[in-house]
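**Student:** Read off the chains here:
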Amino acid sequence: MNRKLYVARSSDVASRRLGDEMLIMSGRDSTLFTLNEVAAIIWEAADGVIPLEDIVVERICSQFDVEPSAAMSDAEELADELSRHGILLLSEEPISQSSLPQQERQ
Amino acid sequence: MLELTAAVGYQQIVVEVGGIPVRLRTTNSDFRRMLENRYQGFIGAHRRAELDFRIDLAGSKADELSDDVQVTRSSGQWSLTRGDFHAEWDPESSSGSIRQSANPYSIDSVLRIVHTLALAKEGGFLVHAASVVRKSRAYLFVGPSGAGKTTMVGMAPSDVTILTDEISYVRNDGSGYTAFGTPFVGDLGKIGTNVSARIASLYLLAKGPENRIEPIATAEAVRSVLSNVLFFAEDQELVRSVFRSVCDFVGQVPTRRLTFYPACRVWDMIG
Chain A
68 MNRKLYVARS
78 SDVASRRLGD
88 EMLIMSGRDS
98 TLFTLNEVAA
108 IIWEAADGVI
118 PLEDIVVERI
128 CSQFDVEPSA
138 AMSDAEELAD
148 ELSRHGILLL
158 SEEPISQSSL
168 PQQERQ
Chain B
18 MLELTAAVGY
28 QQIVVEVGGI
38 PVRLRTTNSD
48 FRRMLENRYQ
58 GFIGAHRRAE
68 LDFRIDLAGS
78 KADELSDDVQ
88 VTRSSGQWSL
98 TRGDFHAEWD
108 PESSSGSIRQ
118 SANPYSIDSV
128 LRIVHTLALA
138 KEGGFLVHAA
148 SVVRKSRAYL
158 FVGPSGAGKT
168 TMVGMAPSDV
178 TILTDEISYV
188 RNDGSGYTAF
198 GTPFVGDLGK
208 IGTNVSARIA
218 SLYLLAKGPE
228 NRIEPIATAE
238 AVRSVLSNVL
248 FFAEDQELVR
258 SVFRSVCDFV
268 GQVPTRRLTF
278 YPACRVWDMI
288 G
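These protein sequences, in sequence, are chains A and B. Just so we're aligned, residue 68 is where the first sequence starts under my numbering, counting upward by one. Just so we're aligned, residue 18 is where the second sequence starts under my numbering, counting upward by one.
If you're looking for bench data, these hints aren't it; they were derived computationally from the structure. Zero decoy hints are in this set.
Distance ranges between label pairs, derived from CB positions: (1) E143/A - E139/B: 37 to 45 Å; (2) E134/A - V202/B: 56 to 64 Å; (3) P271/B - P135/A: 41 to 49 Å; (4) R70/A - R261/B: 31 to 39 Å.
None of these values were measured; they are calculated from a predicted model. Ideal placement from N, C-alpha and C gives every residue a C-beta, glycine not left out.
Next up, chain A with everything else stripped away, as it sits in the complex (with noise of 0.2 Å):
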């Protein structure tokens, strides 16, 4: 059985949402990060509380006409990639909301 992923966005961060695009500037090496429509989607939802696979069932694979396994997969590698900058956490327990940074809107 597979278990559970939890993602939350680093406090490291500041982000400003764009259009359909979102910014987000790494606090610790200066680098921009832009992320489309849907990865902004599953950035704005990683509250640490609900599940990467709850965040594409719920907000990803109810707007866009995409195949819940392939979405996974897609979400899957896009935490990876921004885990690996240190921008994004990732857990497989619930990750504590109080070192979230708070979302902007442009």
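Given the coordinates of chain A, work out where chain B should sit on it, guided by the hints.
**Tutor:** Relative to chain A, chain B alone:
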């Protein structure tokens, strides 16, 4: 009571850029005169400067000039280090010290860095941009070296006041953004005029076969401006602050792409 600076023979000048007066103290009268000459038009008369630096001149180290600068904060104190200078600054007391050789480039770099730190806390920034005032409104032309900043201001008609051809100074007073003239010179080799004005527009510069102004997406504007912002500090809090400042700026100030053919008629489209 005698001021300590007088007792130890320090001579001082106040260099005011962006409305922030910085007192520079040195025991070397030749160096003070060089500073007065370099920052002509930006010498303030404030008895109480907001920031105060003592400059200790070391031997000639012109061969150590480099772009590799380190700006770090420890126990609240900033440390600025490059091959040709080392500076310490305590924001709490608003005072610090600079150790450098008697050249104008080191102090210029220290001032730029100190201003970026001061501005980052209040929503402003320094950006690689030419800026001008026309009809009481400021216009910024952003771009890296070669984009055409100096070309633009070099073609400016007589009713245009040049704030800078290299480093633009942007402050946010809570109700809008203002551009200030700076003494930080670029290829034009001429310091800006010490005036300020509300910013009307920011243009991302590109050279092309004809003149045109195009809208750009907000996210692209933020990326472009951010890539030209001067910021040196290895400090997470201030990095995030600069990011937010640029996002806020682009949200409030019309930002467009200006493709121009290097001829004076491009100024018909500005202001």
